[in-house]
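Colleague: In case you want the letters, here they are:
There are 2 protein chains.
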Amino acid sequence: MTDSLPVYESLAVSVRRLIDATIRTEVSHEVIAAARAKIDSVTSELSAELMPGTFGERRIDDGQGVASGNVVIGVRNPSAPPLVIHRESDGSVWTEFTLGAAFEGPMGHVHGGVSAMILDHVLGATAHQPGRPAYTGTLTLRYHRRTQLRQPLRADAWIESQQGVKTFAVGQISDGEGVTVSAEGVFIHPRNS
Amino acid sequence: MTDSLPVYESLAVSVRRLIDATIRTEVSHEVIAAARAKIDSVTSELSAELMPGTFGERRIDDGQGVASGNVVIGVRNPSAPPLVIHRESDGSVWTEFTLGAAFEGPMGHVHGGVSAMILDHVLGATAHQPGRPAYTGTLTLRYHRRTQLRQPLRADAWIESQQGVKTFAVGQISDGEGVTVSAEGVFIHPRNS
Chain A
1 MTDSLPVYES LAVSVRRLID ATIRTEVSHE VIAAARAKID SVTSELSAEL
51 MPGTFGERRI DDGQGVASGN VVIGVRNPSA PPLVIHRESD GSVWTEFTLG
101 AAFEGPMGHV HGGVSAMILD HVLGATAHQP GRPAYTGTLT LRYHRRTQLR
151 QPLRADAWIE SQQGVKTFAV GQISDGEGVT VSAEGVFIHP RNS
Chain B
1 MTDSLPVYES LAVSVRRLID ATIRTEVSHE VIAAARAKID SVTSELSAEL
51 MPGTFGERRI DDGQGVASGN VVIGVRNPSA PPLVIHRESD GSVWTEFTLG
101 AAFEGPMGHV HGGVSAMILD HVLGATAHQP GRPAYTGTLT LRYHRRTQLR
151 QPLRADAWIE SQQGVKTFAV GQISDGEGVT VSAEGVFIHP RNS
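Going line by line, the protein sequences match chains A and B. Residues in the first sequence are numbered from 1 upward in steps of one, following UniProt numbering. Residues in the second sequence are numbered from 1 upward in steps of one, following UniProt numbering.
Please keep in mind that the hints were generated in silico from the structure rather than gathered at the bench. Nothing here was measured: the structure is a model prediction, and the numbers come from that model. Be a bit skeptical, because a hint or two may be false.
Copies of the same chain look alike in the list, so a pair counts if it fits in one copy or across any two.
[To be verified] The calculated SDA-like cross-link candidates involving lysine to any residue, where the alpha carbons are at most 20 Å apart (straight line), are:
hint	residue 1	residue 2
1	Lys38	Val13
2	Lys38	Gln151
3	Lys166	Pro106
4	Lys166	Arg191
5	Lys166	Thr140
6	Lys166	Tyr135
7	Lys166	Met51
8	Lys166	His144
9	Lys166	Arg146
10	Lys166	Val186
11	Lys38	Glu49
12	Lys166	Arg145
13	Lys38	Leu5
14	Lys38	Pro6
15	Lys166	His128
16	Lys38	Thr180
17	Lys38	Ser10
18	Lys38	Val27
19	Lys38	Asp20
20	Lys166	Pro133
21	Lys38	Glu57
22	Lys166	Gln129
23	Lys38	Arg17
Please build the complete structure, drawing on both the sequences and the hints.
Modeller: Here it is as structure tokens:
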């Protein structure tokens, strides 16, 4: 499947698998040391031409989305799950995903901070519009019960109301049994945007 | 410096550098394809012996901390910054860190969700005690202004009050100019812990 992806995305998919193996490997120290040398050599090769700063700071248009480096949705960012955000005509957004070993907090469970990160993103996505970004003003999270790793999860968010530059959004993460974390937030369009 | 680290930590340091290069590389598609093949081969080698599930779910004591896989502080987790949490005798905690391209949200800035993740962790750390974990009940974040990537940052958290199983904690992320994000949260010790 990954062979059909753009080349930079395929690289991120491979590094995402490597992250999981790095956390979970139990091979000998000798194999680890050899692996590390190979990784350092690949990093050198990739670093032969490196954009200055971060992905979003590039000012060239090479057809890659500006959010490709984003820590939540960036297809070029191996640390991103990455979430695929779906938008409905009523302004609500949703995404389905599964989180692995790289997102652990309490044993076998999603870190509460990862749930916060995902909810910040999906609630913000209700307010965000192309060319008119929205920034988080406040965000309140309520943890109902723990969220499991390696189980299908879903995040939903929708707009409660809009007043001037402010969008009031609510949302939740749920598993097969119901809601695990809920959130409400205020997102702000800067007046000059 | 990394040569003096335990071997699994050194591997994570190398993969962390690879993540940054993966996001920022501008080498040719041919070099990318070759890099990807090498990475897939390393992943196979590391996967020859893989712990089932996630790091925290291991039941063996091999001298590695149970939080080594943690997405915020885990030294074996390449996706973690990883934060080093310092504890003061008055119960407050603090950490100093710099976030790179892998943590981007708005162009050149830390994703608001990453700030939420870090504050969830450091506020929770005020309540967390060895053998007596604390879980987030509620967390409220207030974003004062944007937080920059590639600049020294600091997170602080302290206990406001404790009532039975509940710890009320507050905290903030700051840069050289002052506070960028502040937070308050309620953390709960399960009664059976």
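Colleague: Now tell me, hint by hint, if it's right for this structure.
Modeller: Going down the list of hints, with the structure as the test:
1. Taking the closest pair of Cα atoms, Lys38 and Val13 come within 20 Å of each other both inside a single copy (18 Å) and across two copies (13 Å).
2. Neither within a single protomer nor between protomers do Lys38 and Gln151 lie at most 20 Å apart by alpha-carbon distance, with minima of 32 Å and 30 Å respectively.
3. Proximity of Lys166 and Pro106 under a CA criterion of 20 Å is satisfied inter-copy only: 18 Å between copies versus 35 Å inside one chain copy.
4. Taking identical chains as interchangeable, the C-alpha atoms of Lys166 and Arg191 lie at most 20 Å apart only when both belong to the same chain, with a minimum of 10 Å there against 40 Å between chains.
5. When the C-alpha separation of Lys166 and Thr140 is checked against a cutoff of 20 Å, the pair qualifies both within a copy, at 16 Å, and between copies, at 18 Å.
6. For a Cα distance limit of 20 Å, the shortest separation of Lys166 from Tyr135 inside one copy, 10 Å, qualifies, whereas the shortest one across copies, 31 Å, does not.
7. Within a single copy, Lys166 and Met51 get their C-alpha atoms no closer than 35 Å, and across copies no closer than 47 Å, so neither meets the 20 Å cut-off.
8. With identical chains, the CA atoms of Lys166 and His144 are at most 20 Å apart between copies only, with a shortest distance of 15 Å across copies and 27 Å within one.
9. Proximity of Lys166 to Arg146 under the C-alpha cut-off of 20 Å is restricted to the inter-copy arrangement: shortest distance 17 Å between copies versus 31 Å within a copy.
10. For the identical chains of this complex, Lys166 and Val186 are intra-copy neighbours only, at 6 Å inside a copy versus 26 Å across copies, given an alpha-carbon limit of 20 Å.
11. Within a single copy, Lys38 and Glu49 get their C-alpha atoms as close as 19 Å, and across copies as close as 18 Å, so both meet the 20 Å cut-off.
12. With identical chains, the CA atoms of Lys166 and Arg145 are at most 20 Å apart between copies only, with a shortest distance of 16 Å across copies and 30 Å within one.
13. Within a single copy, Lys38 and Leu5 get their C-alpha atoms only as close as 24 Å, which misses the 20 Å cut-off; across copies the closest is 18 Å, which meets it.
14. Proximity of Lys38 and Pro6 under a CA criterion of 20 Å is satisfied inter-copy only: 18 Å between copies versus 24 Å inside one chain copy.
15. Proximity of Lys166 and His128 under a CA criterion of 20 Å is satisfied intra-copy only: 11 Å inside one chain copy versus 36 Å between copies.
16. Taking identical chains as interchangeable, the C-alpha atoms of Lys38 and Thr180 are never at most 20 Å apart, the minima being 41 Å within one chain and 39 Å between chains.
17. Taking the shortest Cα distances, Lys38 and Ser10 sit within 20 Å of each other both inside one copy (19 Å) and across copies (13 Å).
18. In this assembly of identical chains, Lys38 and Val27 lie within 20 Å of each other by CA distance both inside one copy and across copies; the values are 16 Å within and 18 Å between.
19. For the homomeric pair Lys38 and Asp20, the shortest alpha-carbon distances inside one copy (17 Å) and between copies (16 Å) are both at most 20 Å.
20. In this assembly of identical chains, Lys166 and Pro133 lie within 20 Å of each other by CA distance solely inside one copy; the values are 12 Å within and 37 Å between copies.
21. With identical chains, the CA atoms of Lys38 and Glu57 are never at most 20 Å apart, being 29 Å at best within one copy and 29 Å at best between copies.
22. For a Cα distance limit of 20 Å, the shortest separation of Lys166 from Gln129 inside one copy, 13 Å, qualifies, whereas the shortest one across copies, 39 Å, does not.
23. For the identical chains of this complex, Lys38 and Arg17 are neighbours both inside a copy (16 Å) and across copies (13 Å), given an alpha-carbon limit of 20 Å.
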